[in-house]
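Trainee: Take these sequences, add in the hints, and give me the full structure.
2 protein chains.
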Amino acid sequence: MRAILLTIGDEILIGQILNSNAQWMSDELTGLGVQVTQHITVGDHEAEIVQALDSVVPKADFLIVGGGLGPTHDDITMKVLSHYFETPLEYDADWLAQLEAFFKSRNRPMTENNKKQAYLLKGATRIDNDCGTAAGQHFTADGTQIFVVPGVPHEMKSMMKRYILPFIATKNPSERILKQTLLTTGIGESALATRCEPFVQKVKARSDLTLAFLPSTTQVKLRLQMKSADANARKEFDALISELIEYCGKDFFGTDPTSIEQIIFDRLKQNHETLALAESCTGGYISHRLTQIPGISAVLKGSMVVYQTELKTKEVGISEAFLEKNGAVSEASVRAMAESIRQKWNSTYGLATTGYLGPTGGDERAPLGTVWIALSSKTRTESSEFHFEANRERAKERATQAALDLLRRTLS
Amino acid sequence: MRAILLTIGDEILIGQILNSNAQWMSDELTGLGVQVTQHITVGDHEAEIVQALDSVVPKADFLIVGGGLGPTHDDITMKVLSHYFETPLEYDADWLAQLEAFFKSRNRPMTENNKKQAYLLKGATRIDNDCGTAAGQHFTADGTQIFVVPGVPHEMKSMMKRYILPFIATKNPSERILKQTLLTTGIGESALATRCEPFVQKVKARSDLTLAFLPSTTQVKLRLQMKSADANARKEFDALISELIEYCGKDFFGTDPTSIEQIIFDRLKQNHETLALAESCTGGYISHRLTQIPGISAVLKGSMVVYQTELKTKEVGISEAFLEKNGAVSEASVRAMAESIRQKWNSTYGLATTGYLGPTGGDERAPLGTVWIALSSKTRTESSEFHFEANRERAKERATQAALDLLRRTLS
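Taken in order, these protein sequences are the chains called A and B. To convert, take the position in the first sequence, counting from 1, and add 869; that gives my numbering. To convert, take the position in the second sequence, counting from 1, and add 869; that gives my numbering.
Since the hints were made in silico from the structure, they are not lab data. Heads up, none of these hints are tricks.
No copy is singled out in the list; a pair is fine if it fits within one copy or between any two copies.
DSS-like cross-link-like pairs, simulated, lysine-lysine; straight-line CA separation at most 27 Å: (1) 928 <-> 948; (2) 973 <-> 1090; (3) 1096 <-> 928; (4) 948 <-> 984; (5) 1073 <-> 1048; (6) 1071 <-> 984; (7) 1213 <-> 1183; (8) 1138 <-> 1183; (9) 948 <-> 1071; (10) 1183 <-> 1247; (11) 1030 <-> 1040; (12) 1048 <-> 1030; (13) 1138 <-> 1247; (14) 985 <-> 1073; (15) 1119 <-> 1073; (16) 1073 <-> 984; (17) 1026 <-> 1090; (18) 1073 <-> 948.
Mentor: Structure (structure tokens):
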């Protein structure tokens, strides 16, 4: 079954707000085995709404129209739907009574504008709004089930959960969509695609499977989907996922929605181990990411962000002569930082970063974009050199991810 | 002039990612006086892309097609455009050479897949990608200027800024939209709206002005827009902005696109002053935000992220007896942290945070959500208590913003 989402609202077209509703609805519908084939957003103008309705109404089993149900003059969705489907708006005394109660319960005056919200499409089923004043609607036209919802996210979500999603679920699509997303890091999209080539070929040969490579600055996600009418498909799907994980090798670190920091936390906690950070170029970002995880204080001692060079001497025991000899951005320096912080704070691991992220900086030994990372434990210290692009924010993200990934691989 | 945005990508239709590109592009185009009339998103399927092109190509002056330019099998945008516009794909040796250089500079192998990205629409103008491998394209069809850009946000933005927006600006729409966004922090949306009420009334009385309140977790932006065909409108607009800034008072800290950290950097640098941080509950996030600013090492010594309690004793001189007496989350503790780090690292200012962000924690003296912030200088130490909601991520954001804002107000 197919669904189309039609959003009505100037505020989206002028870039004032993000259309996060479309993402949420798509995710929910996909989970019910419905294929969302189009998102379309138009402004609060009759001609544009009509044109959009012309292009979508007969093409889907479900059409969700969102936005433009407010009390002000620029909210015209109901009026336009009334014209388009040649259905009059009818005064709904029951809904008006609920609106009056709504305002009374909040000690707010009800304006004349709000009374407009009691005019609803004749013959349509009203979908009550339990946290706002705009009622939803449900009706059928040309074989398409049409749902009308407000643009306010929590009002829309409440209607979806209470009425629309359960309704769609009863249509009981025989075809379900199984989906899972694998997370990888430390490998680029192309290299990963090359490594997974036999699997990609298998996917191409089957119409029930789709595989997408979704790269971002720090990781590549692999999303596998399988359409199936068979209730026992889960077993086959799980086997395919296992096969794909094999192809990803050590660059695979988990399945959505986990994170590399969550995995690090889980492993350190399980092992009763602790971590201390000495950050230079990452500037506290490793520490920030790790401290997003609730309970991390059980394993993370803290981070020494030694941003100015003098602190490297004062806090992680690297003498000026040593810095002079090796340079602040060097393998020798980063190893000394990792070992020093581990000993100073008496942790199982010491993780350190140093680099030139730009937009200026760098020297003969370490050009702009050079980052050194080291991980020290009682038995050994390992270090890696990276060269990132000269974009400060992205280089910092990549350096942070590389540091966390070095630790993740060691803990695996 | 009118523009339509066509996004191609299954990952948006299944709700995996938000279409933030559409918002960004809409905002930029609106600023050039272009009216964005439609956003449309379809999947990576030829029939759907063709149908969307049918519905939009003749209807706008500009069409921006985004997504599906990657190196893998599911990226079919170029192939479909080639079919639809009956224009062959042609091997671009120059772009291939740039791709090879791109991979070489990053020490990454170039795969066969990437070679596909050197096949571009014959006769179209190539828009170089300075941070990725997918080239953009620009051509004209049926009187519509068509731009093709990658879906990766920073690659798209770079092409928009370097080529597409300047091109559209030369088309010189007679009606310009003047817009400016004021940044405030430390005040809620309703309180700010109440304070600005006389200005809001003035805006309502004029059809050429719009004012929007845009709240987020840490700040409220105020965007003022004025439509005008008059080249001298700038002067009037600037006067309106000055008036609005007066209403905002000390909660106003700058105009978009500045940031509170940029303002702190500029003032510290100007004053030849330095800053040292002692972070507990903010976990390195203050340091991370400040180190996003190029050149910050001139004023930021570093940050001592004392996440575990033992480090507060070891590194910022708070004895166990002191902690026992006052509690780790207390005014006495945070003042001691700020003073201690300032003296230890010999900086002009010491800024410190401590708190219980949740989802669990808190004690009798400081319930969950309590955050203490202190700023110490040679002459005085000031401290403030906050109570944030029990959502870890948002409370951390708010605590970080409050700490930066305390420093910003002191420096003003």
